[in-house]
Each structure stands twice: as structure tokens, then as C-alpha cells.
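Colleague: Just so you know, the sequences run in chain order H and U. Using my numbering, the first residue of the first sequence is number 1, and each one after it goes up by one. Using my numbering, the first residue of the second sequence is number 1, and each one after it goes up by one.
Check each hint, because a few of them may be wrong.
[Unchecked claim] Capping the alpha-carbon separation at 20 Å, the derived lysine to aspartate or glutamate pairs in DMTMM-like fashion look like this:
id, chain 1, residue 1, chain 2, residue 2
1, H, 336, U, 129
2, H, 28, U, 17
3, H, 28, U, 129
4, U, 114, U, 129
5, U, 56, U, 22
6, U, 49, H, 312
7, U, 79, H, 61
8, U, 81, H, 65
[Said to hold, decoys possible] If you anchor each label on the Cβ, the simulated ranges turn out as follows:
id, chain 1, residue 1, chain 2, residue 2, range
9, U, 20, H, 241, 48 to 56 Å
10, U, 57, H, 249, 35 to 43 Å
11, H, 237, U, 142, 43 to 51 Å
Just so you know, the hints here were simulated from the structure itself, not pulled from any lab data. Idealized CB from N, CA, C, for every residue including glycine.
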Amino acid sequence: MQLTAEERAILAGERGEAARRALEYQVKVGEFWGAERFVPITNARCFDFEHCRRLGQDEGEATKERELIACLRRMDVITTDTCINYQTVYQPHFGEHVAWGDTGTVIYANSVFGARSNFESGPAALAAAITGRTPEYGFHLDAHRRGGFAVELRARLDDLADWGMVGKLVGEPHQSYFSVPVFHGFHRTPIADELKHLGAALASYGSMGMFHFVGATPEAPTLEAAFGGRAPAERMVIADADLERGYAGYGLGGRDARLVVFSGPQQSLLEMKRLAQLFDGRKVQEGSSCFVTTNGAVLAQARALGYAGTLEAAGVTILQGVCFYILQNLSLMRVKNGWQNLVSNSAKIVNIIGAHRFNTILRRTQDCVDIACTGILK
Amino acid sequence: MHGDSQVSIRVERAFGEAVEGEAVVSEEGFSPRYDLDRWSGVITKPGHKLEGVSLKDKVCFFPTAKGGIAAGWAFYDIKWKKIAPKAFIFGVTNPVMVQGAIFAGITIADGWSKDPRQDVATGDWVRVDPAARFVQVLRRSS
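In isolation and in its complexed conformation, chain H is listed as follows (with noise of 0.2 Å):
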């Protein structure tokens, strides 16, 4: 790589030894990836450390969880606990250069705003953050960024769990980091919840960093200027019977419904807001559990508007900075309870928790709302 003088300087140790080691890791990762320069960055984050606050944690855990939050406070760091960041805490503008962690974030950077990063996990993203700068590869680069394939949605997609659904019947035939694809020949535009469960299952289930949305997203103003020239290497269409499929290939295993979860990102306002009007004056079935997962600003927000208390009195319990896959101990949790399945309108957490050995089963938001409600799976 190309180094400038202070980024030489870095390396021979001038601004201490947590940015020198930081700066060699990068130089590593960049060499990797063939990187010919660094990039400045205006701003990083990273959300995978293991967060743990109730539900039988271990304590061992949460001890050195609240080691690493000081940790981080004491070197000048935002802790806001959020997967969601692109719509609480920062959005970054047309161009901008960032490392951001949770691929969720990053592709809704790369796509909706335009702005650009790479997937920079727990260590990487803190290496920029110390640096204040990133190996310029992937995303960073236009020739990474215009689309690879054509995908028109025929769809009605009235659903969150039905963007969730495209995303995986996108992105697993597809699955690829450099894979763009193109949507196009949509009925209506798209808001931002349906963009996050798009782009948070692309990258789940096609480990995508990047999609375009003509007519929505900023560097498809049109089809061919989202190809940036090229041809699609395919084209492929999603209509409402491969949704109908895909919501019926779900195995039930013994139709256990008593965990039904609404997580993986966490909620917005307007999903909270959705789930108080489903919940109201209903009530979780007994024996079952239903989790909503959101951040402290959204879950303030919700209390002075009444939804929390809507859903708290339905018996739904709130968990407040986390998502539901990264709590600690799931799978104890799992043989604890007897669960079996796992019933969720977030095609992402679906996909992401089977290492804790769940049947997972993605629903529509009613369905998800009428199963923890009823305890009864069809």
C-alpha cells in the first residue's frame, strides 16, 4: 500500500502504540483485499460485542461486558447500543467515507444513502476509529459499487416480513459480498423499515454489502445508470407466489409456538407503533414468550407514546440495547424452556440463530401477532 507521511509516521510509533498496532492491522487487511491507499473516515461503529442484561446471563459475561463498555467510554466512544444507528443516531451523507459494523448498517449506508463502507467487523472497525481511516477496497471504490443483476419486483409486499422474504430469495442463490443487485419495477415506494429488512436479509442471507432501488435508492435515479454501463448478468423476477412459497416451505416441526420474536434489527418507532396497534387489548398466551428488542432512544420514545406500556401489558417483554440472537446463553435458554421453534417477522434472525440449534419459521407481522397470542402455529 501507499502510505503518506503520517500514516508512516503512525507506523514507526509517533502517536502511540494502540494506533500503531491498530494502523499494521489494517495495512494487513488492506494488502488482502489489494488496496492501494487508506481512505479518512468521518465516522465508525461496531455492535458485536455480546451484550447480556437479564434473561439468566451469566454473570461472568455481563462482568466483562461492563469492563468493555468503560473501556470504550473512557477512549471517547459513543456507546448507543444499537443495530439501528442509520436511524436513531447518525446518517451519513451522498459519499461519505465510514466503518461501520453490523452488516445491516452497512448495507443501508452503501444503498439508501449513498455514503460508503465495507463490513468492518469488531476489531477492524476500532482500528478505524483509532486511525481515523480504512483500507480503501470494496464499497469505497465506484467499480464495486454499479449493479450485477436485475431483479423486478411484481410483488405486492405489504408486509416488513415480505422484504425479509425477498432479501432471502434474493440473496441465497446469490450469495456474494461483490454481488449487487438491481430492483426495479416496483408498484409503489418503499419506506425506510422496508429497506432495513431488505438490506438486513441480503446481507444475512447473500453476505451482501450494497443493493439498488431505482427510483429510490441515490445511485439508481434508473436502471441503466445502476448498471453504470454493464448489462445485467441476470435477471430475475419476484412475484407474490414465490413469497407464497417461500412462507410455505417452512418445516413446523411439532408446531411449537410458544417463542415468537420481533428482533433482528431492532425496532423503529413506526415498527413499535405497528406492534401496539396488533397487541392492544390482547394477551400473550400463557406458557408462551414474545420478545421485542429496540434501542433506549426508540424504547423512551415508545414509553411517552404509550406503546411500550400497550405491549408490556399484553405480556410482551421489551429488551432494551440488545438483539435477540446475541443474547448470551441461548441455547441453554432454549433447552430451559423447551423450545423448539423460533416464530419471527425478521427473515435475518430467522436465518442467523440456528447455531442455537432453533427450527426458525419467518411470518407475517398479524400471523407472528396472532401465534403468541393464540400459542397456535398453522
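The hints should help you fit chain U onto chain H, whose structure is shown.
Modeller: Positioned in the frame of chain H, the structure of chain U alone reads:
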């Protein structure tokens, strides 16, 4: 197909020390969070093509990297617990796998010249040479 003991596969990118170990060749991609039990080093995701297989000390061939950001710390975690593989060889990987492997000091490569399933079988003894960017089969399992 498996007759030539000197068969080698070129890789486009690689990092780490040269290592030797027993191959595990997967038809399915990999994520340490989705698929791996990080207390035993065994693939535990129900239905994964390698369900029940331990990755400890293995040279793992995966066609793709799945999802997530977890590899950043997870590889360091399993290395510290002494249940990490010797190397990861990916057809197509993502930055997180690379960042995680480099942080943990686990050898990693991606961009193989041909599908290893044609030439390498699970149980074969292989050598990975990141500097020379190739993977070589040294001994057949049977």
C-alpha cells in the same frame, strides 16, 4: 479425479503462516455465528452440510462466506479456546472473515482457481502456502 497427490489449487488472495492439516471440504458456505458452536468448534446448525463436523485444527474449504459481522471477534475467541481451524480457504469470502482471521492469526485465502471438490476430499492432508498463494494435497485419506 483423486489420483494425483501433487494436485494444487491456486488462490488469488491469502494471508498468514504456511500450515498443514486435514481437509474439510464443504458444499455449503460458512459463518461462525450462524453455523458454529463456539464452545466445541463443531458445526451445529441443523441441516448444514457439515452438521456434527468439528473444525478444530482442520483446513476448511468453503465456497462462500455467509452473512455477518461476528467473525471479527469469533475467530479470535475460538483460537483462544484452542478449537480454531488451521486455515480457511474460501471460494468467495467477505471482509469480515478476512479481518477476523488476520486479527486471530488464522491463515485465510480466497478466490480459488478451481472448485476444490474435484481435487480435494475431506480427510486429505493438505498444505496451505499463503506467500506462494497455493494449496497442495500432500496425502490422500485412503
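Colleague: Has the given pair, residue 79 (chain U) with residue 61 (chain H), been kept, meaning a C-alpha gap of at most 20 Å?
Modeller: Holds: residue 79 (chain U) and residue 61 (chain H) sit about 18 Å apart, inside 20 Å.
Colleague: Checking one constraint from the list: CA of residue 56 (chain U) to CA of residue 22 (chain U), max 20 Å. Satisfied?
Modeller: Within the cut-off at roughly 10 Å; holds.
Colleague: Keeping to a limit of 20 Å between CA atoms, is the pair of residue 28 (chain H) and residue 129 (chain U) held or broken?
Modeller: Holds: residue 28 (chain H) and residue 129 (chain U) sit about 17 Å apart, inside 20 Å.
Colleague: Between residue 114 (chain U) and residue 129 (chain U), is the straight-line Cα distance small enough, at 20 Å or below?
Modeller: Given that 20 Å is the threshold and the Cα spacing comes to 17 Å, the pair holds.
Colleague: Please work out if residue 49 (chain U) and residue 312 (chain H) have their alpha carbons no farther apart than 20 Å.
Modeller: The hint is violated at about 41 Å.
Colleague: Is the hinted pair residue 81 (chain U) and residue 65 (chain H) satisfied, with a Cα-Cα distance of at most 20 Å?
Modeller: Given pair residue 81 (chain U), residue 65 (chain H) holds - Cα atoms ~19 Å apart, limit 20 Å.
Colleague: For residue 57 (chain U) and residue 249 (chain H), compare the CB-CB distance with the range 35 to 43 Å and indicate the outcome.
Modeller: Holds, since residue 57 (chain U) and residue 249 (chain H) (Cβ atoms, about 36 Å apart) stay within the stated range.
Colleague: Just tell me: holds or violated, for the beta carbon distance of residue 237 (chain H) and residue 142 (chain U) against 43 to 51 Å?
Modeller: With Cβ atoms ~47 Å apart, the hint holds.
Colleague: Between residue 28 (chain H) and residue 17 (chain U), does the CA-CA distance stay at or below 20 Å?
Modeller: holds (13 Å)
Colleague: For residue 20 (chain U) and residue 241 (chain H), compare the CB-CB distance with the range 48 to 56 Å and indicate the outcome.
Modeller: About 51 Å separates the Cβ atoms of residue 20 (chain U) and residue 241 (chain H), which means 48 to 56 Å holds.
Colleague: Are the Cα atoms of residue 336 (chain H) and residue 129 (chain U) separated by 20 Å or less?
Modeller: Distance ~46 Å between residue 336 (chain H) and residue 129 (chain U) Cα, so the pair is violated.
When the structure is compared with the earlier hints, violations turn up for hints 1, 6 and for no others.
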